[in-house]
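Chains as they are written, first to last, in my numbering: chain A, 1 to 290; chain B, 1 to 404.
Careful: at least some of the hints might be erroneous.
Calculated cross-link-like contacts (lysine to any residue; reagent style SDA-like; alpha-carbon spacing at most 25 Å) [unchecked claim]:
hint: 1; chain 1: B; residue 1: Lys-273; chain 2: A; residue 2: Val-123
hint: 2; chain 1: B; residue 1: Lys-90; chain 2: A; residue 2: Val-123
hint: 3; chain 1: B; residue 1: Lys-88; chain 2: A; residue 2: Leu-98
hint: 4; chain 1: B; residue 1: Lys-222; chain 2: A; residue 2: Phe-2
hint: 5; chain 1: B; residue 1: Lys-90; chain 2: B; residue 2: Pro-211
hint: 6; chain 1: B; residue 1: Lys-270; chain 2: A; residue 2: Leu-51
To give an idea of the chain A side of the interface with chain B (calculated C-beta under 10 Å), a few residues [what the hints assert, rightly or not]:
hint: 7; residue: Ser-8
hint: 8; residue: Trp-110
hint: 9; residue: Asp-125
hint: 10; residue: Asn-173
Derived from the structure by calculation, the hints contain no laboratory data. Cβ atoms here follow ideal geometry from the backbone N, Cα and C, with glycine treated the same way.
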Amino acid sequence: MFLQLIVSGISIGSIYALVALAMVIIYKTSEVPNFAQGEMAMLSTFVAFMLLASFGQPFVISFAGALVFAVVLGVFLEFVFLRRAKDPNVLSLILITLGFEMMIYGVASWKWGAEQQSFPFPVSDFDIVNLGPAVVSYLNIVTLLVTLFLMFILFLFFRYTKVGIAMKATQQNMLAARINGIRANRILSITWGMSSLIGAVAGMMLAPIATLDPNLMLDPLLKGFASAVLGGMTTLVGSALGGYILGIIETLFGGYISLQFKSIVAFLIIVLVLCFKPSGLFAKHYVRRV
Amino acid sequence: MKKNNLAVVLACAMILSFVIIEPAWAVRGVTDTEIRIGQWGPQTGPAALWGAVARGSGLYFKLINEEGGIHGRKIKYFIRDDAYQPPKTKAIAKELVEDKEVFAFASGVGTATGMAVRDYLEKNRVPWIGPAAGSVHWCYPPEEAPYLFGTYPLYCDEAFLLVNYAIDKLGKKKIAFFYQNDDYGKVGLIGAQIALERRGMEFAATVSAEPLDTDLSSHCMKLKAAKPDVVIMWVLPKHGAIMLGTAMKLGFKPLWMTTSTLSDYQPMYKISKGLFKDVVFATFGELLDSPHPLMVKYHEAQKRLEPKERWGIFYYAGILFIEPMVEAFKRCGRDLTVDTFIKAMESIKDFQGIGPKMSFGPNKRQGSRSFFIARCTEGGGAEKLTGWMTSDVDPYEVKKRLEQ
Numbered sequence: 001m002f003l004q005l006i007v008s009g010i011s012i013g014s015i016y017a018l019v020a021l022a023m024v025i026i027y028k029t030s031e032v033p034n035f036a037q038g039e040m041a042m043l044s045t046f047v048a049f050m051l052l053a054s055f056g057q058p059f060v061i062s063f064a065g066a067l068v069f070a071v072v073l074g075v076f077l078e079f080v081f082l083r084r085a086k087d088p089n090v091l092s093l094i095l096i097t098l099g100f101e102m103m104i105y106g107v108a109s110w111k112w113g114a115e116q117q118s119f120p121f122p123v124s125d126f127d128i129v130n131l132g133p134a135v136v137s138y139l140n141i142v143t144l145l146v147t148l149f150l151m152f153i154l155f156l157f158f159r160y161t162k163v164g165i166a167m168k169a170t171q172q173n174m175l176a177a178r179i180n181g182i183r184a185n186r187i188l189s190i191t192w193g194m195s196s197l198i199g200a201v202a203g204m205m206l207a208p209i210a211t212l213d214p215n216l217m218l219d220p221l222l223k224g225f226a227s228a229v230l231g232g233m234t235t236l237v238g239s240a241l242g243g244y245i246l247g248i249i250e251t252l253f254g255g256y257i258s259l260q261f262k263s264i265v266a267f268l269i270i271v272l273v274l275c276f277k278p279s280g281l282f283a284k285h286y287v288r289r290v
Numbered sequence: 001m002k003k004n005n006l007a008v009v010l011a012c013a014m015i016l017s018f019v020i021i022e023p024a025w026a027v028r029g030v031t032d033t034e035i036r037i038g039q040w041g042p043q044t045g046p047a048a049l050w051g052a053v054a055r056g057s058g059l060y061f062k063l064i065n066e067e068g069g070i071h072g073r074k075i076k077y078f079i080r081d082d083a084y085q086p087p088k089t090k091a092i093a094k095e096l097v098e099d100k101e102v103f104a105f106a107s108g109v110g111t112a113t114g115m116a117v118r119d120y121l122e123k124n125r126v127p128w129i130g131p132a133a134g135s136v137h138w139c140y141p142p143e144e145a146p147y148l149f150g151t152y153p154l155y156c157d158e159a160f161l162l163v164n165y166a167i168d169k170l171g172k173k174k175i176a177f178f179y180q181n182d183d184y185g186k187v188g189l190i191g192a193q194i195a196l197e198r199r200g201m202e203f204a205a206t207v208s209a210e211p212l213d214t215d216l217s218s219h220c221m222k223l224k225a226a227k228p229d230v231v232i233m234w235v236l237p238k239h240g241a242i243m244l245g246t247a248m249k250l251g252f253k254p255l256w257m258t259t260s261t262l263s264d265y266q267p268m269y270k271i272s273k274g275l276f277k278d279v280v281f282a283t284f285g286e287l288l289d290s291p292h293p294l295m296v297k298y299h300e301a302q303k304r305l306e307p308k309e310r311w312g313i314f315y316y317a318g319i320l321f322i323e324p325m326v327e328a329f330k331r332c333g334r335d336l337t338v339d340t341f342i343k344a345m346e347s348i349k350d351f352q353g354i355g356p357k358m359s360f361g362p363n364k365r366q367g368s369r370s371f372f373i374a375r376c377t378e379g380g381g382a383e384k385l386t387g388w389m390t391s392d393v394d395p396y397e398v399k400k401r402l403e404q
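If we strip away everything but chain A, and leave its shape as in the complex, we get (with noise of 0.2 Å):
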């Protein structure tokens, strides 16, 4: 059973490290916890399930499809919204993803209703690996394998390209990032699109198990939230890391001590990162010079 737990644990952690790595990306470059993320997602997998329901698309179109969507909502919300805001401090631009979460949810639900709807996946969930006692499913094999690649991608892409260097700049000082020439507007509209695209990777692995509805990633969220906080908010792949490290702790905490506040694990364990270790588990420690 605690092999099985530590591999159900990984496998739900894939999808919490990808929330969180979507979340990070913003954060790193203005400093604002996308709250939004997660119905951005949702939203995305809504447009890849019509693709493929309505308009009867292959996987592989209706796959690219959302993504393409991803980036530009992502991209279109930064534009349209954020950067209208009038002198924004964090709290107002924290406030205006809230907005975004509940405007989201509510056109999801209006389009496409509460029912539950059955997300096709080339990837099977029911055709299994075994290792030893355990058993992983090729879909659980593939969600980790994704995360992965996008963990090493966003890595290189932040560590060697120049718009990733860039985001870093603008992210550490904005005015001066703009003194240097860089156009800081555009980087902060392509990081939410990257953002919602990394979102939306998460919503078409999730989907597939556990069904898709409006209220798909709300759990997710929060869970790829405390992955974040617990990695390190200013880290790709801490908060990435720190997923697998929720995933793995919840699934043990449920299967040998509580299942009633197996839930409530993140929670605590966002308390406790704030409290003795607030940068999180992996990043180190910023002080910013007045």
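Go by the hints and put chain B onto chain A.
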């Protein structure tokens, strides 16, 4: 002085206008030509799946109006979205009673939402028929809520009947229970527990889930470790589908049984990717393709009047729960007041529409305690396994255990 005279004249005119208008509204929500009825139901939010109940009632009223109404009165129906949030339900009840002046409430999804307004409706003598939840809180004791009539059989009844069926008919011995950690799940759990206790048996395992849980692997492993023959699920439809998928992955294959809230077998079959096949469920209404004349009539009306709606169990449950209400309107004739309506409701005995037989009385507010059991078949069909069966679980005992 002149101004004072004008004020007196205006005041008199106002008082007179009330006196003139008053006879038409002698009974709140009833005029010569209409009866006003309200209903809340989640059209958005996490429970919106069950919002179909309120729309199903709407279809029924449309059909009645199309047929000329009841004794010359058409039904004017007010439907409101409470998003499954009790504070919103409260505001809706107040608005519909005090502003729209409805005569009665039809159905309404949710235990917490219904309980939030029950006392208010009772205080204002507003009849309320068929809350869409099998809670033991509605009608026990009946004198607590004389204007409330329950038509959804109780959750504890269906759990009790499912356990009886599993043991007596299928010869199963080890029963586990997977439930939602709230009133809904616990009432089911207690009903099943009572059935086991009567045979000197115990659960092989009981495992609870929280409504927001997405990953049910640890739940499934706990159930699997107990090696049950049967697992009874008392959860959200979404959790039912996730549990079936997780169990399949982990190679756990007991007989699955479930509650009427998961009895919408076509979508359940679809969202579980076919794993709902062979799941045994309790239900309070005829199956989707039933040849029952009323089912045929309602289905035809749905195709004609509300073609965009899906013909599912929760949709026509909106009709089933309030059929006795319409019957009582018919029995009242033209003399429709709250008192005559309550008397007419109390006079209903062995009334059967598309649900179980319902009987009410001066001290009997819960109309039915009966379910039948069915099984989901290949392709998302269903077959009846039993006829109507009635439970004799003591609701007061269930309430007592629930409060412990």
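The hints, checked one at a time:
Between Lys-273 of chain B and Val-123 of chain A the alpha-carbon distance is near 13 Å, which keeps this suggested pair within the 25 Å criterion. The hinted pair formed by Lys-90 of chain B and Val-123 of chain A fails the criterion: a straight-line CA distance of about 46 Å is larger than 25 Å. The hinted pair formed by Lys-88 of chain B and Leu-98 of chain A meets the criterion: a straight-line CA distance of about 21 Å does not exceed 25 Å. The straight-line distance between the Cα atoms of Lys-222 of chain B and Phe-2 of chain A is roughly 12 Å, inside the 25 Å bound, and the hint therefore holds.
Proposed proximity of Lys-90 of chain B and Pro-211 of chain B is supported: the alpha carbons are some 23 Å apart, at most 25 Å. Restraint check for Lys-270 of chain B and Leu-51 of chain A: the C-alpha separation of about 18 Å stays at or below 25 Å, so the hint holds. Hint status for Ser-8 of chain A: holds, given a least beta-carbon distance of 4 Å to chain B, under 10 Å. Nearest Cβ of chain B to the Cβ of Trp-110 of chain A: about 8 Å, under the 10 Å cut. The hint holds.
For Asp-125 of chain A, the interface hint holds, the least distance from its beta-carbon to any beta-carbon of chain B being 6 Å, beneath 10 Å. For Asn-173 of chain A, the suggested interface contact is broken, since its CB lies about 39 Å from the closest CB of chain B, more than 10 Å.
In summary, the structure is inconsistent with hints 2, 10 from the numbered list given earlier, while agreeing with the others.
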